[in-house]
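J.: Residue-level listing of the chains:
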Amino acid sequence: MTQVGTTERTTIVLFSGDLDKSIAAFIIANGAAAYDHEVTIFFTFWGLNALRKDQPVPVKKGLLEKAFAWMMPRGSKKLGLSRMNFAGAGPAMIKHVMKKHNALSLPQLIELAQAQGVKLVACTMTMDLLGLQQEELLDGIEYAGVAAYLGDATEAKVNLFI
Amino acid sequence: MTQVGTTERTTIVLFSGDLDKSIAAFIIANGAAAYDHEVTIFFTFWGLNALRKDQPVPVKKGLLEKAFAWMMPRGSKKLGLSRMNFAGAGPAMIKHVMKKHNALSLPQLIELAQAQGVKLVACTMTMDLLGLQQEELLDGIEYAGVAAYLGDATEAKVNLFI
Amino acid sequence: MTQVGTTERTTIVLFSGDLDKSIAAFIIANGAAAYDHEVTIFFTFWGLNALRKDQPVPVKKGLLEKAFAWMMPRGSKKLGLSRMNFAGAGPAMIKHVMKKHNALSLPQLIELAQAQGVKLVACTMTMDLLGLQQEELLDGIEYAGVAAYLGDATEAKVNLFI
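Residue numbers (UniProt numbering), protein chains in the order written: chain S, 1 to 162; chain W, 1 to 162; chain D, 1 to 162.
Since the hints were made in silico from the structure, they are not lab data.
Check before you lean on any hint, since a few could be wrong.
Same chains, same label: a pair holds when it works inside one copy or across any pair of copies.
[To be verified] Straight-line alpha carbon distances no greater than 25 Å define the calculated DMTMM-like cross-link-like pairs of lysine to aspartate or glutamate that follow:
#: 1; residue 1: Lys119; residue 2: Glu135
#: 2; residue 1: Lys60; residue 2: Glu38
#: 3; residue 1: Lys53; residue 2: Glu142
#: 4; residue 1: Lys95; residue 2: Glu155
#: 5; residue 1: Lys61; residue 2: Glu38
#: 6; residue 1: Lys100; residue 2: Asp139
#: 7; residue 1: Lys99; residue 2: Glu65
#: 8; residue 1: Lys119; residue 2: Asp152
In this text, all values refer to a predicted model and were calculated from it rather than measured experimentally.
If we strip away everything but chain S, and leave its shape as in the complex, we get:
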């Protein structure tokens, strides 16, 4: 926070809704923030699931939107693995070893990111498509489209799509 126009920037598009990829995204984001990078994570498509609140929020939805809401994992505690998911046994194993090694869980990594000022941006176009509403996502999130992402990315050197 002490730089004069020389702050490093890092952006991540989190497209994936997998637990392991989301953890990787937040570890990189938190690492970059710890080195004083301005960090943006742009959540799009399945990546938005990590931002959903644990509990259903009473909002009005059409039939298709209800179907999406029901089929997609509700929040960071419900995500599956990109491989070796084994109907949920894989995530349980990973969470177990992470706890054993005192590694932060995904919900804790998200909290840390917010505490460090990582900008969490929900892709409004995907929200429209999947019928997700702001009330259903975590507090403290920003809402924007691909133009805002590109604005940040062109200022950054490290731009990842996860």
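Based on the hints, put chains W and D in the right spot on chain S.
T.: Structure of chains W and D alone, referenced to chain S:
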């Protein structure tokens, strides 16, 4: 188009043959092109499937090449989803909500990219391996290898692998 | 090796344990190295499997670590495809066409990368979590965490997450 050597560049390696990831790639590419970036999408491995023509093209192929041609989706209308594919029900749902929200379909996004001058480059090494021939891919595509991709990427700030 | 502080850098986070994605990562890395880029591949999560030795190495492990070691592919010859894996038939097909076209296999691509001075870095945090030990990985590998990766990435223009 008004810059003097300061044009921003964006490159995307499209490795994935998934509908959702291909849509994300083209939305980012079209967004960047709208902001006057010079944009390259380098299609490699399964990503090439988005460039295949809808209809079989009569070309001579060996047995393995025929097998690949038959097993892989033929063009941007046939791609599946990276998750929630449900034997084709998922892509139908996504296409339905995209139409409902007046979002461009993948074939339309590809057309728009070409109209905006986005450089679509098919990876010749993968074409050799999978036995894909130029006649089988969309018109207006360029053909090159990883060296050409790296040439563009080292001039760009936003480089994504999707 | 002739530059004066202007060496291009390229970094790749190899998160995926898929054969096709690992091949893509090493083709890009070797291409960049051939153009005198300083290249780092940071192997994390399933990506570490490409670095495992073919043969089991006698090390002491807990039960969960043994389970991971047994479930995950042991080395670059055992990886599966991200799609069309067909219980191992897909990788065999890909390896067959690569051999037919005189393309380097993944083990050869790894060797070439090491010969070209590509820095192969194993993510120590993931090693801890999955219970992988240095003796189990290829020789000539470096060991570091996300901070070291970010250090290299902020010096690079081409940064990919695969």
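J.: Any hints this thing doesn't respect? Which numbers, in order?
T.: 2, 4, 5 and 6
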